[in-house]
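**Student:** Keeping the supplied structure of chain X fixed, place chain Z upon it in accordance with the hints.
One letter stands for each residue in the lines below.
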Amino acid sequence: MSEVEKVYPAGLATNIQKPIADPGIEPHRVRLTDKSEKAAKGAEQQIAVMFGISIIGAIIAIWGFVAFPIADLADTRNNTLWMGIGMGLSLLGIGFGAVHWAKTLMPDHEVSEARHQARSNDESRAKAIEIIKTADAESGFTRRKLIRRSLYGALAFFPIPALVIFGDLGPQVGDTLKHTIWKKGVRLVRDSAEGGTAIKASEVTIGSVFHVVPENLKDIEDHGEKLNQKAKAAVLLVRVEPSDLKEDPAKASWSYDGIVAYSKICTHVGCPVALYEQQTHHLLCPCHQSTFDLADHCRVIFGPASRPLPQLAIEVDAEGYLVAQGDFTEPVGPSFWDIRQS
Amino acid sequence: MRRRPWAIGFVIFLGLVLSGGGYAAATNVVQAEVSSADQVAEGRKLFLANCASCHGSNGEGAIGGPSLIGVGAASVDFQVGTGRMPGQASGPQLYKKPVQFTEEQISAMAAYVASLAPGPAIPDAEYLKTTGDDIDMTHGSELFRINCAMCHNAVGAGGALTQGKFAPALGGVTEKHIYEAMVTGPQNMPVFNDANLTPEDKRDIIAYLKYVEEADSVGGYELASIGPVAEGLFVWIFGLGFIIAITVWLGAKAN
Chain X
1 MSEVEKVYPA GLATNIQKPI ADPGIEPHRV RLTDKSEKAA KGAEQQIAVM
51 FGISIIGAII AIWGFVAFPI ADLADTRNNT LWMGIGMGLS LLGIGFGAVH
101 WAKTLMPDHE VSEARHQARS NDESRAKAIE IIKTADAESG FTRRKLIRRS
151 LYGALAFFPI PALVIFGDLG PQVGDTLKHT IWKKGVRLVR DSAEGGTAIK
201 ASEVTIGSVF HVVPENLKDI EDHGEKLNQK AKAAVLLVRV EPSDLKEDPA
251 KASWSYDGIV AYSKICTHVG CPVALYEQQT HHLLCPCHQS TFDLADHCRV
301 IFGPASRPLP QLAIEVDAEG YLVAQGDFTE PVGPSFWDIR QS
Chain Z
1 MRRRPWAIGF VIFLGLVLSG GGYAAATNVV QAEVSSADQV AEGRKLFLAN
51 CASCHGSNGE GAIGGPSLIG VGAASVDFQV GTGRMPGQAS GPQLYKKPVQ
101 FTEEQISAMA AYVASLAPGP AIPDAEYLKT TGDDIDMTHG SELFRINCAM
151 CHNAVGAGGA LTQGKFAPAL GGVTEKHIYE AMVTGPQNMP VFNDANLTPE
201 DKRDIIAYLK YVEEADSVGG YELASIGPVA EGLFVWIFGL GFIIAITVWL
251 GAKAN
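Protein chains in written order, with the working numbering: chain X, 1 to 342; chain Z, 1 to 255.
Some hints here could point you the wrong way.
Restricting the straight-line Cα-Cα distance to at most 30 Å, the calculated cross-link-like pairs of lysine-lysine (DSBU-like) are [unchecked claim]:
no.	chain 1	residue 1	chain 2	residue 2
1	X	K145	X	K178
2	X	K230	X	K183
3	X	K200	Z	K176
4	X	K246	Z	K165
Here are a few chain X residues that sit away from chain Z, every Cβ distance over 10 Å (derived from the structure) [said to hold, decoys possible]:
no.	residue
5	G64
6	T80
7	V111
8	H179
9	E241
Hints listed in this document are in silico derivations from the structure and should not be mistaken for laboratory results. Cβ coordinates follow ideal geometry from the N, Cα and C atoms, glycine included.
Here chain X stands alone, though its shape is the one from the complex (with noise of 0.2 Å):
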């Protein structure tokens, strides 16, 4: 049963003998400024005051520029507000003169093209066809096979060099993601510009953060990778009653006296998690709201975060400063595909 023949329930039926009217073109309304000479007359002279306005924006960018000189960082205030206005103003006077010249000065003739047709009449399709049929017999493309085949082969192989050199972009990913520069025996260092300074157990008392860094962050001389080391490594301090923490048996060896560290980059999309609540032993994340239970290995108690926080696992050296027992045991940061194959 072909598509014309079928019956269409009555609900569902088109009337094609009657389609929605063609409105026409909209009758011409002959503007106010064409009416009357006198409401011309204020338009010309609304766009002479937008014009003047932007004159003035001009003189105002000046005005703001020298009257506002940047001896310091806090005089770019003025200097650039009033600069800001005045050019706005410059330029917007001469836009929204322009525009209400045309719209009710110039003249508003209106002009309907109607569309042609997309489809091609049959002789120029003909013609194409022919033009078409006639490269062909006159290459040969279709009687000689060798060129044609040696030409697809070509096609083929020529974007290849393209993929080589994209595939060869930046160095590769490697363990990068699943390694940080924390070893055994690396102390905890306060995180500050100048190189900051080793903890000792007996300084984090109950309810205090530190934030921290390893101490061998100092010795890598090149700055980005400098940074690079330091978005991975870096790691919040907190000391809490020793009974409040709920610790899995096998990790009880991780903290020292209640002294846990934790790193501080979420593990949903690596912002710095630092809003601890020394109360609740809540951890929270300031981009999604993930909120980590700090005091039962930085559970997910909300939010996007897939997985708790890695924690770093600590001791206290002969001079009873605070040292990492090695690195992170698993890859810190958002999560990526093969995460778990470390």
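**Tutor:** The following block gives chain Z in isolation, referenced to the frame of chain X:
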């Protein structure tokens, strides 16, 4: 002889310098206050009348209030001095409200609580000054960004925490109360003891906060400093609104 107008000005200036300087000298002497037994006794009376129902009759803590043994005078001075204590109602967080006690009464209660066990003391005035050659505001700003800005916002405008709690805005808070909050860690704020941030560090942080409180925002109107959300909303409503209005006007025919 006719007096010259500037002579009167000079005499007034001299009088102000002498009386002001004398007052400063006198108060510096009084500063080294020692809590007397009378003060502790007075503090205990106030404590029993106003605090004991939650904190226990010896400050040992009870249902509804934590132990105050070892919290120190600084904690009492902060909590009562900002009106957070006596608590108004239980909830996620205690709010600032009008202070309920006089300075003497607060000092007496602080002296009593300090007598229970050693704890952080009310800070010395030398760590509360915000101007001077030894103050390094840049250092204070760096420390603030590392240790405080994640909750309190980079310019101390405050911010939200979990489940209805929040880090309050720091504008208008006295130097003493900022110092005491750092050293005692009120409510959910962590403690920043003197081994973590030395008294000089705390002084620099306070100086930075007082600077940003008074300095004009370099970038123009700061929209309460609450960051990209407020700024984004502003641009969405007013910026896009303006652009849409222009677009409508461009497409409309003249009358």
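**Student:** Take the hints in turn and mark each one as holding or not.
**Tutor:** Hint check:
Among the hinted pairs, X/K145 with X/K178 is inconsistent with the structure: their alpha-carbon atoms are about 54 Å apart, more than 30 Å. A distance of roughly 14 Å separates the Cα atoms of X/K230 and X/K183; the hinted pair therefore holds under the 30 Å criterion. Pair hint X/K200 plus Z/K176 holds up; C-alpha atoms about 28 Å apart against a cutoff of 30 Å. The suggested pairing of X/K246 with Z/K165 holds, with an alpha-carbon distance near 23 Å, which does not exceed 30 Å.
Taking the minimum C-beta to C-beta distance to chain Z, about 13 Å, the non-interface status of X/G64 holds against the 10 Å cut. Its closest Cβ contact with chain Z, about 7 Å, brings X/T80 to no more than 10 Å, contrary to its assignment away from the interface. For X/V111, the non-interface assignment is confirmed: its Cβ lies about 15 Å from the closest Cβ of chain Z, beyond the 10 Å cut-off. Here X/H179 stays apart from chain Z, with its beta-carbon at least about 25 Å from theirs, past the 10 Å limit.
The Cβ of X/E241 lies farther than 10 Å from every Cβ of chain Z, with a closest approach of about 12 Å, so its non-interface assignment holds.
Taken one by one, the earlier hints fail for this structure at numbers 1 and 6, listed in ascending order.
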